[in-house]
Amino acid sequence: MAARRRPEGTYDVAIVGGALAGCVAAMRFAAHGISVALVEKKRNEDDYKTLCTHFIQPIAFALLSRLGLDRLIEAAGGLRTKAAFWTECGWIDPPGEAYAAGECRFAYNIERRILDPLLRRRVALAPGVERLLGHRALGLERRGGLQELELEDADGRRRTLRARLVVAADGRNSTIARILANDAASSDNHRAAFFAYFTRIAPTPANRSLFMLYRDEMGFLYPLCEGRTLLSVYVKKERALEWRAAGDKASLLGSFLREFPCMPDIAQAEPVSAVYGYADYPNWSRAPVHQGVAFVGDAALSLDPMSGVGCAFAAVGADALVECTHRGLLDDGELDGPLEAYGRAHKERLEPHAEGIRADSLIGKSPESVRRIYENIVSHAALREAFIALTGRLIAPREFQKQYLGALTQKARNATVAAA
Amino acid sequence: MQPLPPPEVLRRRIKAVIEEIGAGLGLAPEQLAGSAYLVRDLNFDSLSLVALAAQLGAEFGFEPPEDLFEDAAYQSVEEIVECCARAAERARRTRIQGSTTEVL
Chain A
1 MAARRRPEGT
11 YDVAIVGGAL
21 AGCVAAMRFA
31 AHGISVALVE
41 KKRNEDDYKT
51 LCTHFIQPIA
61 FALLSRLGLD
71 RLIEAAGGLR
81 TKAAFWTECG
91 WIDPPGEAYA
101 AGECRFAYNI
111 ERRILDPLLR
121 RRVALAPGVE
131 RLLGHRALGL
141 ERRGGLQELE
151 LEDADGRRRT
161 LRARLVVAAD
171 GRNSTIARIL
181 ANDAASSDNH
191 RAAFFAYFTR
201 IAPTPANRSL
211 FMLYRDEMGF
221 LYPLCEGRTL
231 LSVYVKKERA
241 LEWRAAGDKA
251 SLLGSFLREF
261 PCMPDIAQAE
271 PVSAVYGYAD
281 YPNWSRAPVH
291 QGVAFVGDAA
301 LSLDPMSGVG
311 CAFAAVGADA
321 LVECTHRGLL
331 DDGELDGPLE
341 AYGRAHKERL
351 EPHAEGIRAD
361 SLIGKSPESV
371 RRIYENIVSH
381 AALREAFIAL
391 TGRLIAPREF
401 QKQYLGALTQ
411 KARNATVAAA
Chain B
1 MQPLPPPEVL
11 RRRIKAVIEE
21 IGAGLGLAPE
31 QLAGSAYLVR
41 DLNFDSLSLV
51 ALAAQLGAEF
61 GFEPPEDLFE
71 DAAYQSVEEI
81 VECCARAAER
91 ARRTRIQGST
101 TEVL
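Protein sequences, first through last, are from chains A and B.
If you count the first sequence from 1, position 181 lands on 181 in the working numbering, and the numbers rise without skipping.
If you count the second sequence from 1, position 75 lands on 75 in the working numbering, and the numbers rise without skipping.
Hints are not guaranteed to be accurate.
Claimed, not checked - For lysine-lysine, the following DSSO-like pairs were computed, each having C-alpha atoms within a straight-line distance of at most 27 Å:
1) Lys411/A - Lys365/A
2) Lys411/A - Lys15/B
3) Lys402/A - Lys365/A
4) Lys365/A - Lys236/A
5) Lys49/A - Lys347/A
6) Lys347/A - Lys237/A
7) Lys237/A - Lys402/A
8) Lys15/B - Lys402/A
9) Lys15/B - Lys249/A
These are computed hints drawn from the structure, not numbers from a lab.
Can you make the complete structure from the sequences, with help from the hints?
This is the structure in structure tokens:
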């Protein structure tokens, strides 16, 4: 659909940040014939985000399909995958390649070095989207019915864009959030992380991504394209401090992972990257709407990378924004109501998961509670499916809890009948 | 909807469900009362007394009593059982009266 003409330098929407959330929002707005300026700080469209699990949860699958991105991701080498969890009580790994019986939903593993350039090239083809690479935001002010966004390019030249709606898709350390004082609420993350890329690790069955959980620590394995594998560990901070002082971190990573009894053979694994990591990465959340500006992706919600939800939540949040505001933009109507609706949708769709993820970032839970819960899930086919759906963010934590309590109630009922 | 069993049997069944849920969460019976939150910060959610009451309500056919929402309203499993059993019996009487009115 062709975008409406606006005076020079004026757009329906200005999006600051051209990674996943920004590109999905731009594509979705463009599909409605809404003009978009997509402002990207990076000059090179091949730049990409480093700190990422490269795992796109199945909650985003329908949206990716609608945008035709599923085919592009697969053509670029992205792997269809599904989570399998190992716990000390056994595996949670329901059969089948798709996430739910009767539904064709998958997760994807695609490295950001492939995904980010792919999205930028795709968005460049969308009618009505003008990309401004190598521009950073300096200021933002509302004048009359328009937002004025002051930008500076890499050579120090300044320009001002005008837009009815500004979208901050500029990441965890959002410049727009700083300009507007949309401060992040922070909650603790008790784990540190290390991760590195390897080759010469045999593929997992059906390209399963493996999540191995033992007490308060975890080891994850993500098969990637070109024979690469991402290994990541989420460990207590004391262990992280020891590792930081050590020389050969790749060996430490391997030794730690080999302690999991279910770990595939990594004796031949060769590191093909440095070991990256962080010691302190608290969960952050900001108001998704602040002073008439919409926040999407990590600018709104940046959670423990262990949860692997960043990509999918960025896409789902951007989609919710477009769904709530496109009509108001097309009709030149007021945007306060649509933005409020977006704020509510963001909260309803993502916050229940965010609450669970914040809880998951804490260590020191009762080992007995954790063990009994996994024991019940492992031994119950419907709960195994429900757990996989929960961790793929296809059902909310409350729904999982309901099913869990329902299964225990059934168990009590069966015991009563047997006793009678 | 199954007819409610005699009061003593009903109380026993409610208690069995509560204890099974407690066991499934790794909680001893004495940990199942005294707080609005039975378990905080489970990996998937916190488990509140409200959720437990909703589950019991669904199983035994009653609306969870509002005072179950209050923090530390119940100090023992026996008190929760008693409260739920009374709610289930009230719900049954209401249903019987409702159906009688319809017939008349």
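Pair hint Lys347/A and Lys237/A, alpha-carbon separation not exceeding 27 Å: Cα-Cα ~30 Å, so violated.
Check: Given the hinted pair Lys402/A and Lys365/A, is their alpha-carbon gap at most 27 Å?
Finding: holds, 21 Å
- Message: Run the distance test for Lys15/B versus Lys402/A: straight-line Cα separation, threshold 27 Å.
- Response: holds, 19 Å
Lys237/A and Lys402/A were given as a pair; does the straight-line alpha-carbon distance stay at or below 27 Å?
violated, 33 Å
Check whether the Cα positions of Lys365/A and Lys236/A lie no farther apart than 27 Å.
holds, 13 Å
CA of Lys411/A to CA of Lys365/A, is that 27 Å or under? holds, 25 Å
Does Lys15/B lie within 27 Å of Lys411/A when you go C-alpha to C-alpha?
holds, 13 Å
What's the verdict on Lys15/B and Lys249/A, does the C-alpha distance respect the 27 Å limit or exceed it?
Answer violated: Lys15/B to Lys249/A is near 52 Å, above 27 Å.
Quick one, are Lys49/A and Lys347/A close enough, alpha carbons at most 27 Å? Answer holds: Lys49/A to Lys347/A is near 25 Å, not above 27 Å.
The structure is inconsistent with the numbered hints 6, 7 and 9, although it conforms to all the rest.
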